[in-house]
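Asks: The residues making up each chain are set out below.
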Amino acid sequence: MEQVLYSECLQPFEGQLTNPALRETIDQMKAFVAVPTLTLLNWSDSEIAVPLVLEVALPPLGNVDGVDIREKEPVVVVFSTSGYPRIAPKVFTDRLDFPDSVSPHMFLRNDGRPPGFCLVRGGLSAANEWYSNKRISDVLIRVSNWLRDAACGELALNGDSFDPLRLTSYEGTVTYDYDQLAKIVRQSSSLYLNGNFARLQFELKNTKDSFNRTLIQVVPLDKLEAEQAHEAEEGRKSKDDPTRKVLCRGLLIWSESDTPIDRYNVELPKDWDTFKNEFCGQHLIDAEALEQELCRPQSGFYVYVPIIVAIKRPKTVFGFSDAIEFINFELEQKEDPDYPDRMDPGAPLSYSSHVQPLTPAKAAAISGFNYMQEKETLIAGAGALGSKIALHLIKCGARLLIADDDWLLPHNLVRHGLNAAYTFHYKAKAMAREAIRLFPNETVRVTPFAAKADILLQKDLGEVCSRILDFTASGSFQNELIKADIGEGIEVARGYLSDTGQLGILLVEGAGRNPRIDDLQAQLYHHAIQDTQVSAWLRRESELNSKTDLVTVGVGCHSDTTVLSDDIISVHAGIMSGLVKSASQAPPSKEGMVYLNQVSQEPFFQSATARHTFLPVDVMASQNPSDWEIRFSSGIVDLLKAQMRQASPNETGGVLIGCANFKTKTIHVTGLVDAPPDSKADRCCFFRGKEGLAQTVQHITEATGGQIGYIGEWHSHPKGPDAMSGTDTETVTRFKKTYQQEVTPLPVFLLIVTPRAVLPFVF
Amino acid sequence: MNQVTHFPVGNGDTSLIQTTDSAYTTNIIVDCNIRNESLGSKDPAMYDVKAHLLRSLNRKTVNGITNVPYADVFILTHGDEDHVRGFEQHFYQGDPRLYSQRNKDAGEIINETMWFSPMVMGKANNEDERVFNKEARRRINLHRLNSPDRDLPGNRIAIIGYDGNEKLDGLRHYVPGQIVSRFNNRELSTFSIFIHSPYQQGLTEDEVDKNGVSIVFQARYKINPFSSTFSALFMFAGDANHEAIAEILDKTIRHGNATRHQALAWDVLVAPHHCSWTFFNFCEQEDHPIPEKTSIAFLRQRRTENAHVIASCKPISPYDKNPPHYAAKVEYVKVVGEKNFFNLATAIMRGQTPQPIIYQVTAGGPMKPKAPEGTAKVAGAAGLSTINSIPGYGAGPVQ
Chain A
1 MEQVLYSECL QPFEGQLTNP ALRETIDQMK AFVAVPTLTL LNWSDSEIAV PLVLEVALPP
61 LGNVDGVDIR EKEPVVVVFS TSGYPRIAPK VFTDRLDFPD SVSPHMFLRN DGRPPGFCLV
121 RGGLSAANEW YSNKRISDVL IRVSNWLRDA ACGELALNGD SFDPLRLTSY EGTVTYDYDQ
181 LAKIVRQSSS LYLNGNFARL QFELKNTKDS FNRTLIQVVP LDKLEAEQAH EAEEGRKSKD
241 DPTRKVLCRG LLIWSESDTP IDRYNVELPK DWDTFKNEFC GQHLIDAEAL EQELCRPQSG
301 FYVYVPIIVA IKRPKTVFGF SDAIEFINFE LEQKEDPDYP DRMDPGAPLS YSSHVQPLTP
361 AKAAAISGFN YMQEKETLIA GAGALGSKIA LHLIKCGARL LIADDDWLLP HNLVRHGLNA
421 AYTFHYKAKA MAREAIRLFP NETVRVTPFA AKADILLQKD LGEVCSRILD FTASGSFQNE
481 LIKADIGEGI EVARGYLSDT GQLGILLVEG AGRNPRIDDL QAQLYHHAIQ DTQVSAWLRR
541 ESELNSKTDL VTVGVGCHSD TTVLSDDIIS VHAGIMSGLV KSASQAPPSK EGMVYLNQVS
601 QEPFFQSATA RHTFLPVDVM ASQNPSDWEI RFSSGIVDLL KAQMRQASPN ETGGVLIGCA
661 NFKTKTIHVT GLVDAPPDSK ADRCCFFRGK EGLAQTVQHI TEATGGQIGY IGEWHSHPKG
721 PDAMSGTDTE TVTRFKKTYQ QEVTPLPVFL LIVTPRAVLP FVF
Chain B
1 MNQVTHFPVG NGDTSLIQTT DSAYTTNIIV DCNIRNESLG SKDPAMYDVK AHLLRSLNRK
61 TVNGITNVPY ADVFILTHGD EDHVRGFEQH FYQGDPRLYS QRNKDAGEII NETMWFSPMV
121 MGKANNEDER VFNKEARRRI NLHRLNSPDR DLPGNRIAII GYDGNEKLDG LRHYVPGQIV
181 SRFNNRELST FSIFIHSPYQ QGLTEDEVDK NGVSIVFQAR YKINPFSSTF SALFMFAGDA
241 NHEAIAEILD KTIRHGNATR HQALAWDVLV APHHCSWTFF NFCEQEDHPI PEKTSIAFLR
301 QRRTENAHVI ASCKPISPYD KNPPHYAAKV EYVKVVGEKN FFNLATAIMR GQTPQPIIYQ
361 VTAGGPMKPK APEGTAKVAG AAGLSTINSI PGYGAGPVQ
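If you read the sequences in order, they're chains A and B. Number 630 in full-length UniProt numbering belongs to position 630 of the first sequence; there are no gaps in the numbering. Number 356 in full-length UniProt numbering belongs to position 356 of the second sequence; there are no gaps in the numbering.
None of these hints come from the bench; they were simulated from the model. Predicted model only: the values in this text are computed from it and were never measured. Any given hint could turn out to be false.
[What the hints assert, rightly or not] Keeping only pairs whose Cα atoms sit at most 30 Å apart, straight-line, the calculated DSS-like set for lysine-lysine is:
1. A:Lys-690 x A:Lys-736
2. A:Lys-239 x A:Lys-395
3. B:Lys-60 x A:Lys-72
4. A:Lys-276 x A:Lys-334
5. B:Lys-334 x A:Lys-30
6. A:Lys-72 x B:Lys-339
7. B:Lys-123 x B:Lys-134
8. A:Lys-663 x A:Lys-737
9. A:Lys-183 x A:Lys-245
10. B:Lys-370 x A:Lys-72
11. A:Lys-183 x A:Lys-395
12. B:Lys-339 x B:Lys-293
13. B:Lys-293 x B:Lys-123
14. A:Lys-375 x A:Lys-362
15. A:Lys-663 x A:Lys-680
16. A:Lys-237 x A:Lys-183
17. B:Lys-123 x A:Lys-315
18. A:Lys-30 x B:Lys-123
19. B:Lys-123 x B:Lys-60
20. A:Lys-72 x B:Lys-368
21. B:Lys-370 x A:Lys-30
22. A:Lys-590 x A:Lys-663
23. A:Lys-334 x A:Lys-223
24. A:Lys-205 x A:Lys-237
25. A:Lys-183 x A:Lys-208
26. B:Lys-293 x A:Lys-30
27. A:Lys-276 x A:Lys-205
Let the hints inform the model, and build the full structure from the sequences given.
Replies: Put into structure tokens, the structure is as follows:
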């Protein structure tokens, strides 16, 4: 009688089932299929097979495309006798005539076995993971539903995509860019005129753990000899030479017909004869020319030849961009005198799995965020924070210009994004090399600049950069960045750490560089007057830096004396990277943003991010000959004018609050203190009093940790003139004399408000 | 999601038609018979239809109130109580701009579009029908007055059938023989409804028989817009009697719609009038025991031998007379076979509670949902029957 079930050829299992979980599972299977007994058969030395029949719900209008799925489907469930339930059961069809060629989601046949059902995406380890939360009844339900879906034409769960073959039992991997080879097939770019194959060059990248061939290039005819010479040259190098590459040749073959093949071949050829005459024939591929190329004298192929076969499918292959499925074979050539100019029909073939090289687009897709922009982003400072943020951005497809003049030293490794392989390399160059390692097939993703970033701050920077991110933790660079004329349209942000590294601060400038990073800092410090958390931080900074008269807010961690752990840096880097990415997709904001990310250790390690928004400032130049620029926080100028109008026809005035920077020649006016009650004014004079003023200023200075304080005076000329009066000049002279006695003298800043103008004077 | 759910609501009808097009799922409720005892599974013998609807319907923000449940279309086949029970309590009536948090807290569903027959202009026989008619007339007025609000979600209407009532002139009507593919202002490419009834003649008779003028329609699914065949055909016949069915059969065939549009074919038929004898002949059944040929011919329009008949009624016993009528069941079974006849009250049970029958649309026709997989990890849910029962324990004698 003709065999109809595969299990008929299996021998009964006569051993003892010592695995209690397996015994219990078999009892559960009996209950599921409602039979008193199940037969146990030998599948292999370590596996048993249990044949049974599953009921399948079939569609009422008949099976789609007439696929031969039946109401009762025999299957074989295979268990590892010792590894179960850690190793999930596998399920195979028991029918020898099962319509496997029209069913995706089936594994290839192996060792003459029937094909197995692919129940879980992701291979066998994924199946084991899946089964850790499933029972045998769930597996059988899934198989039954698989068969139902096959009958309904719904097995391809990927919508309009074509499900590729489920390959297992690979021998190694082959790495190439799908799109690169698909383009060759679509354009039929053959090595020879009217040919149907291309010649490929691979590099062997074997490790102790894996065997890989990586595509180096598709070799055109005019480079064939040169590349053969190159291969030979590499081959002559000593095995100990670190620059030595092991190169080999392979082939890509396709069908000249555009007829798509939608059938699945779940039994791949194992020898040349089956490959050429059956497999290629079924897929409308003529392998004759390929065979001639393989056997051509001086063709230069080695024993093992990777052959990639392109099968044209009716729909875009799931996970890829084209309707071409590649199957990757490896042919083992043997010299056989019986076949001097042809391939030995028995030459064995194995197959490899395809690995897509990492590309920026792929990285962006995996990251779920695309930072691929036309222009580069300048990262100034590739220290602990900058390197980590740079790597985050690179992994979203960013192209970076990284500027850093420092080397990577051993102690940097504790907190840096790079690893020990780059010790004593310039950090900028090392970052560029790391990007090449990530995306080996790409053109430059990171342009290194192993020098001070200041040099880059030129007007023509805008031609290559769309964004500057400053992670230098350098006050010097900040001053340069503030004053730099970098042209239109460049977005600027600055990230740094403070509060012994527990606070990460990201300043994002508004559109057109207003508010600028120094405006944001000044306004943030002013905000401490009403924000106790910001105030507490600035007071702590003040205490830490109490030896200087004006504290520096912010730390660098380039020193090995800085105590700060890598995880805290990573938290800040992750937050800042996320914020930079979000900002990159938003339209330029009129407002500037300050993000404060606070890491705290108590009661447990945690972080929280707050955002402060600041409007553009009003910018004025000093009226008298000086380089000073005055930047008023939003609303202050309007307030001054309102106070003038209110007091008119008398003069009025008061004290200006803020800070000044001699390096950038900038005064930030962040607030006002009204005229003290003992002030006196008439139509042509204003005498600013002093009652309570010192206490008010003291409060502000203390609350802001010394960052904000008295910065100047203002008064009104409600009837003009639009200039300093003689009295004003006398006061300025007196103040200047007093200030010069200070360690850090304040500039004398006098502001005159008239109905027509706001006139700053700085001496 | 392309599926049709028939709920077990005793002698009555409640169905939910769902169809997904361009990533939006249109929900169409056909009739409602939501009994108070079913709410919160107070009576374990009743399925909680309201909870199911709230789980299934789309939600949106209305008047600043988030997650408001709404149906795209509510079709009332006719106003008998077993088709409209619970309408007042569970569906919002009135200006949709006045929907408030209080309405949401009360679980009121907004019907963005209402489909009804001209019967809403007549006299109501029960309180829910009166409320439905009032809401329908509120919307009709907006449309008659050409109010700028008339097309707001919650004010939309379609009138099924034409009775010559001049008050409804100029309003959107769908009449027998018409195929509708626009639902709640959305044109669908893979779903349509063929209108079979009511005919004008029935609506304008001196004494209108409500069951005779039920809205009857065929819900038609395609697997893709370009398909030349339907992947599923559901016939909703309301409480249509054998005379209405005979007229549908006659006119559909006569106008060529049976062949041109497959308008009579069905894969699933909801047995009219809760499996009563009226589908087959006049009552009493003893006086008219032979089914009309037209009714049998209507049943024979089933597309395949796997077509299903759903009896939306209480459990059918051999002693039952209208509705359900055991003799009617026998006639259905003669045509479709025992395995293809399902009484919603008994077909799928979970404990004492009857479960809805759900059909998912596949390229091979409407199918019951796949068997659900379980997991290896489990925790008892609130609906666990043992939680709702009182177990007995005690220090009695050991047996």
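Asks: Determine which of the earlier numbered hints do not hold for this structure and return their numbers in increasing order.
Replies: 2, 3, 5, 13, 15, 16, 17, 18, 19, 25 and 26
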